[in-house]
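**Q** Sequence:
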Amino acid sequence: MPVYLQYYFWLVAVSLFVFLLERLAPWRREQKVFRKQFWQDLFWLTFNGHYLGLLLALVTGKLILWLNDYLHAAGLPVPEELALMTGAPLWLQFITFFLLKDFLEWNIHRLLHIVPWLWEFHKLHHSIEELDWIGNFRFHWGEVVVYKTLSYLPLVVLGVDGTVILIIAVIGTLMQDLNHANLPFDYGPLKYILNSPKMHVWHHDVEMHGKGGQNFGIVLSVWDWLFGTVYWPADQEQP
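In this text, residue positions in the sequence shown follow my numbering: the first is -4, and each later residue adds one.
Don't take every hint at face value.
No more than 30 Å apart at the CA atoms, straight line, and that leaves these computed lysine-lysine pairs for DSS-like [as the list claims (entries may be wrong)]: (1) K118 to K186; (2) K118 to K143; (3) K193 to K27.
Pairwise CB distance ranges (calculated) [unchecked claim]: (4) P21 to A69: 53 to 59 Å; (5) L148 to W114: 40 to 46 Å; (6) D64 to I188: 39 to 45 Å; (7) L119 to Q26: 16 to 22 Å; (8) G70 to F222: 19 to 25 Å.
None of these hints come from the bench; they were simulated from the model. Small disclaimer: the values here were computed from a predicted structure and weren't measured. Where a beta carbon is used, it is the ideal one built from N, C-alpha and C, also for glycine.
Between the sequences and the hints, there should be enough to build the whole structure, so can you do that?
**A** What follows is the structure, encoded as structure tokens:
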């Protein structure tokens, strides 16, 4: 079964897992399950999480074949044939691609906030009024194209194994669902490494967007701590 089809089974499993966690220990207890805009976000989950991903996978495959043929005809090197990590241990492929992808996504996320025309895509995600796991999927299709194109380009050159790609995609979905979830936790001393619901909720603070934004991390928070874009209130209040 192709990797992108295996991912859909994990998407459902991860979504159910985080949903159950929210029911067991909600942070904002007054927030309803079927809160305002829930059905809109269910649409985005179905569209962005399933149909758009499948469409992008099919289109990308065709584009790569076309690009390879064009480069071959022009006598130019084909990035896909470089496959720098082919044959490398899976653990090394995982660490390399995970760190590279997360850092790229952190940079893309910052650009989505500071480049006006990119913000026109990203502002849909920030129209969420009550955060929970399903809000993770509220994205404009244009933003999805930008993210996937720029963050997965290294795959072409690195030649990462499909299993590694699947594992990283599932981890990313789990962490993003948790970060948006109505859950009251962080990772203690690991807050300097991992993003969390208590950290990401401040990324959605309306007032801070006008100041350039904060807490742009996807899975890792370390980039925000390193580059001075972190906000971590001492008293752990909510925005």
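**Q** Hint by hint, work out which the structure violates, then give me just those numbers in ascending order.
**A** 5, 8
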